[in-house]
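A.B. asks: So the protein lines, in turn, are chains A and B. Residue numbering for the first sequence follows this note's numbering, beginning at 1 and increasing consecutively. Residue numbering for the second sequence follows this note's numbering, beginning at 441 and increasing consecutively.
Hint data in this document are derived by calculation from the structure and do not stem from the laboratory. Keep in mind the model is a prediction, meaning the values are calculated, not measured. Each residue gets a CB set at the ideal place from its N, CA and C atoms; glycine is no exception. Mixed in with the good hints there might be a few duds.
Once the Cα atoms are required to be at most 20 Å apart in a straight line, the calculated EDC-like pairs of lysine to aspartate or glutamate come out as [said to hold, decoys possible]:
1. A:LYS343 - A:GLU167
2. A:LYS436 - B:ASP508
3. A:LYS306 - A:ASP277
4. A:LYS230 - A:ASP66
5. A:LYS436 - B:ASP529
6. A:LYS258 - A:ASP417
To give a feel for the contact side, a few chain B residues facing chain A, derived at Cβ under 7 Å [said to hold, decoys possible]:
7. PRO475
8. ILE512
9. GLY513
10. PRO596
11. GLY613
12. VAL619
13. GLY621
14. PRO622
15. ASN698
16. PHE701
17. ILE702
18. PRO708
19. GLY709
20. THR710
21. GLN726
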Amino acid sequence: MEISRRRLLGLAGAGTAATIAGILSGCSSTLPEADVGAAGFGARARGTVSVWSRSATQTGMQSIIDRFHKAQSAIRVELTPVLDGQYVTKLATAIRGGEVPDLVDMDDINSSLFIYRNTFTDLTEVVNRLPYRDKLSPGHLGLASIGDRIYGVPFLADNSLLWLNTELFEKAGVDPDAATQSLETLADALPRLTSKKDGVYSWSFPGNGQGALGFTFLPHIWAQKGDFFKGKIGSQTAFITDNDVLRKTLEFFRQMWKSGWAPPSCYSDAATHWGSDFLAGKIAIFPANYATVVTPAPKSMLPKLKPIVIPGPTGGRSFFDGGDNLCMPRGAKNPSAAWEFMKFTLESAQQQNMPAGGYTPIRSDVDTASFRTQYPLDTTPLQNLDLGYAPQTLAYNVAINQADGPFLAMFRRAVFDGDVDGALEEGQTTLERLLKETQA
Amino acid sequence: MTAVTTHRERLVQTSSRPSSSARPQRGRRGSITHPRGTGIALVLPAVVFVAVFVLVPLLVAIYISLTDFPLIGSYRFIGLSNYISALTDPAFGHALLYTLIYTAIVTLPILVLGYVLAVLVRRRRKGSTLLRTLLFIPYVVGLTTLSFFLVLEAQPGSGAVNIVLRALHITDGQTAWLVSGPLATGLICVLVVWAVSGLTMVLLMSGMQGIPADVYESAAMDGATWWQAERRITIPMLRRTIVLSLIISVIGSFLAFNQFFILTAGGPGTATTTAVLHIYNKAFVQLQLGAASAESILLIIVTGLITAVQFWLLRERDTGAGTTEAQR
């Protein structure tokens with residue numbers, strides 16, 4: 001058969017149209033949800049469970065998988081680490097393509113992004129049946145929930161606290177407890193804790209590292225029940241310009257910078273060497289997480305350390321209830337076995353071992369006498385679980401975690417340039433626009 | 441013999457070709473030497489390749505740009521809303537403007553440096569191959585790798601950039617290059633000019649080597665100086681290569697992404713956010729593929745327009761400038 005030019009073009013056009021239709025029709029389907037209420041769900045399951053873990057928590061997850069394999073032989077867990085920065089995109093693409101893992105271990109702050117788009121399995125029924133349900137971290141669960149429906153379980157906690165070098169407090173004659181009641185009391189103490197001739201500064205913060213900065217800065221606002229985001233997801237608005245708690249916190253940091261209580265390196269610190277100055281014994285107060293401070297600290301330094309829940313401008317306390325949630329995407333091929341593994345990760349034995357990997361357990365009942373003896377510096381969040389918070393929003397990544405997001409620009413303009421009013425106005429406008437776009 | 445064929449000459453040549461009616465009649469089975477289907481069979485692989493890897497993705501992108509397609513969840517057709525939003529979005533406008541400024545800054549230095557390097561290495565001398573290789577290595581290593589190096593080397597106090605500047609008594613060595621919009625832009629421009637001018641050098645060098653030696657010999661006999669030879673012979677006869685280099689350079693600059701993503705991530709604020717970086721964030725951070733696709737289509741149009749303007753500005757006029765410059 002001869003093919004004329006017209007016929008060839010016609011065939012090519014038809015093929016192209018069919019291909020496009022195929023691509024787009026595959027994009028619009030919703031994956032089926034597992035029936036978690038079915039008889040026998042999560043018991044005596046067999047087969048393989050595929051788990052995605054963010055690379056930052058890969059080691060901890062692998063050690064739990066190894067213990068799970070030792071404890072039973074019916075289920076094998078296959079771990080795929082995914083780079084933190086690519087996690088959301090890769091998971092979204094996998095969901096779009098209909099090829100999802102059975103379980104995802106993800107940054108809890110990103111849980112809402114997927115839950116609000118109906119891509120995770122509703123686990124309310126099985127979570128509520130857990131005997132330790134009331135002991136689970138409320139902050140983590142809040143990020144994995146819409147109303148009273150639960151779409152994931154906490155896995156590990158990564159909390160921000162103020163870490164004090166008590167030796168420097170002693171040398172300066174400053175009482176750590178009295179000085180850390182609020183930003184006001186801290187502003188009085190910081191000049192005394194600074195000794196430039198000895199290279200000692202009172203405070204260190206990553207002024208160009210938006211992720212770590214948000215992790216440690218925002219709890220000052222939350223301590224007094226403030227937030228950047230107002231309202232519920234879907235109709236959330238920015239709360240920046242008229243946010244007095246935020247203004248006071250920015251002014252505190254401005255004063256700290258202007259007065260030279262923080263080292264000059266804070267200006268460009270992108271958190272690439274986060275904590276190195278504190279571990280060198282040159283910083284009195286360092287807001288950070290357990291993994292950054294305790295895990296790499298020399299043994300001689302451990303007795304000098306004191307963790308404090310982050311205070312607000314005039315009182316109150318809070319910490320970033322960060323860490324990971326475990327969620328089951330809709331379309332999971334082996335949901336029953338996945339739930340068995342989820343329950344295993346929540347068991348006391350696994351949770352008590354979390355500090356070995358630099359993390360904090362997510363069950364308050366893990367804080368036993370033996371745990372306190374073994375990990376005395378990892379008990380503060382567990383004893384104050386109700387003070388943990390993380391905002392429910394679809395815009396956290398774009399607003400806080402992005403280098404070109406409004407949070408870092410606002411912080412730098414207010415603290416380094418001294419233009420607090422301008423910073424707040426710019427922050428309000430940009431965040432408002434981003435929220436509108438994200439919730440469209 | 442003319443150095444460059446003029447537009448007018450080409451027109452004359454074209455008009456003097458036999459018309460289709462005057463062509464030898466082909467039979468139903470094709471030409472005299474090949475069966476009818478041979479041509480189609482030969483171009484079919486290329487047509488399929490272009491259709492699958494260019495046409496289909498472009499059509500899908502156009503369709504997606506007319507929807508509110510998120511990376512997660514369902515979507516619906518929304519007409520031109522994404523285009524209207526993009527055209528009224530100050531952030532996208534700022535990114536486009538910044539990209540234009542960046543392109544304007546780096547284009548001329550890349551061409552000039554590439555030309556100077558090509559002049560240095562165009563003759564076959566001892567060590568010229570080694571020199572060419574050394575000058576071309578930055579382009580081979582690539583902007584991505586070089587950007588990762590520069591992240592470390594631009595650190596205040598400890599980076600090589602600051603150490604060298606301090607040794608030369610230009611700065612105190614504590615400059616935070618990557619947290620200031622103008623400083624970061626300047627540093628990235630220097631990096632790009634250094635890395636990319638190697639490609640321009642190779643393109644221009646091959647063009648220079650194609651110029652017949654007797655043209656220079658004639659000019660020398662007429663008493664032309666080195667500069668006169670460059671201006672009257674080399675540059676006019678390199679016109680097409682220069683146009684090619686400029687277009688490659690401008691398109692590359694306009695689509696800049698890697699160096700900005702690695703070195704500044706678009707910050708501080710949005711001070712160094714390029715158009716492609718803005719689109720990337722829209723698609724993979726805000727997860728709005730529909731809006732990002734619309735901005736991509738607009739960027740394709742803008743890039744096409746800029747390239748068309750370049751072609752128009754650098755066209756060979758039939759006033760004789762290109763043709764006879766070398767011979768006048």
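A.B. asks: Each of the hints needs a verdict: does it hold here or not?
C.D. replies: Quick rundown of the hints versus the structure:
In summary, the hint linking LYS343 of chain A to GLU167 of chain A is not supported, as the alpha carbons are separated by about 42 Å, beyond the 20 Å threshold. Simply put, LYS436 of chain A and ASP508 of chain B have alpha-carbon atoms about 13 Å apart, close enough for the 20 Å limit, and the pair holds. A threshold of 20 Å between alpha carbons decides the hint, and for LYS306 of chain A with ASP277 of chain A the separation of about 16 Å falls inside it, so the pair holds. With a C-alpha separation of about 43 Å, the suggested pairing of LYS230 of chain A with ASP66 of chain A is violated against the 20 Å cut-off.
Between LYS436 of chain A and ASP529 of chain B the CA atoms are separated by roughly 12 Å; this keeps the pair inside 20 Å, and the hint holds. For the hint linking LYS258 of chain A to ASP417 of chain A, the alpha-carbon distance of about 10 Å falls within 20 Å, and the restraint holds. Restraint check, PRO475 of chain B versus chain A: the minimum CB separation of about 9 Å is more than 7 Å; hint violated. Look at ILE512 of chain B: its Cβ gets to within about 4 Å of chain A, closer than 7 Å, so that hint holds up.
Because the closest C-beta pair between GLY513 of chain B and chain A is about 4 Å apart, less than 7 Å, the hint holds. The beta carbon of PRO596 of chain B comes within 5 Å of a beta carbon in chain A, closer than 7 Å, and the hint placing it at the interface holds. With a cut of 7 Å, the hint placing GLY613 of chain B at the interface with chain A is violated, because the nearest CB-to-CB distance is about 12 Å. The interface hint given for VAL619 of chain B holds, since its Cβ lies 5 Å from the closest Cβ of chain A, which is under the 7 Å cut-off.
For GLY621 of chain B, the interface hint is violated, the least distance from its beta-carbon to any beta-carbon of chain A being 11 Å, above 7 Å. The beta carbon of PRO622 of chain B comes no nearer than 14 Å to any beta carbon in chain A, farther than 7 Å, and the hint placing it at the interface is violated. At a threshold of 7 Å, the smallest CB-CB gap from ASN698 of chain B to chain A is about 15 Å, leaving the interface hint violated. A hinted interface residue such as PHE701 of chain B counts as satisfied when its beta carbon comes closer than 7 Å to some beta carbon of chain A; here the least separation is about 10 Å, so the hint is violated.
Of the supplied interface hints, the one on ILE702 of chain B is violated, with its beta-carbon coming no nearer than about 11 Å to a beta-carbon of chain A, more than 7 Å. This hint holds: PRO708 of chain B has a C-beta 6 Å from the nearest C-beta of chain A, less than the 7 Å allowed. About 4 Å separates the beta-carbon of GLY709 of chain B from the nearest beta-carbon of chain A, less than 7 Å, and the hint is met. Hint status for THR710 of chain B relative to chain A: holds, with the closest Cβ pair at about 5 Å, below 7 Å.
The closest approach between the C-beta of GLN726 of chain B and any C-beta of chain A is roughly 5 Å, which is under the 7 Å cut-off, so the hint is satisfied.
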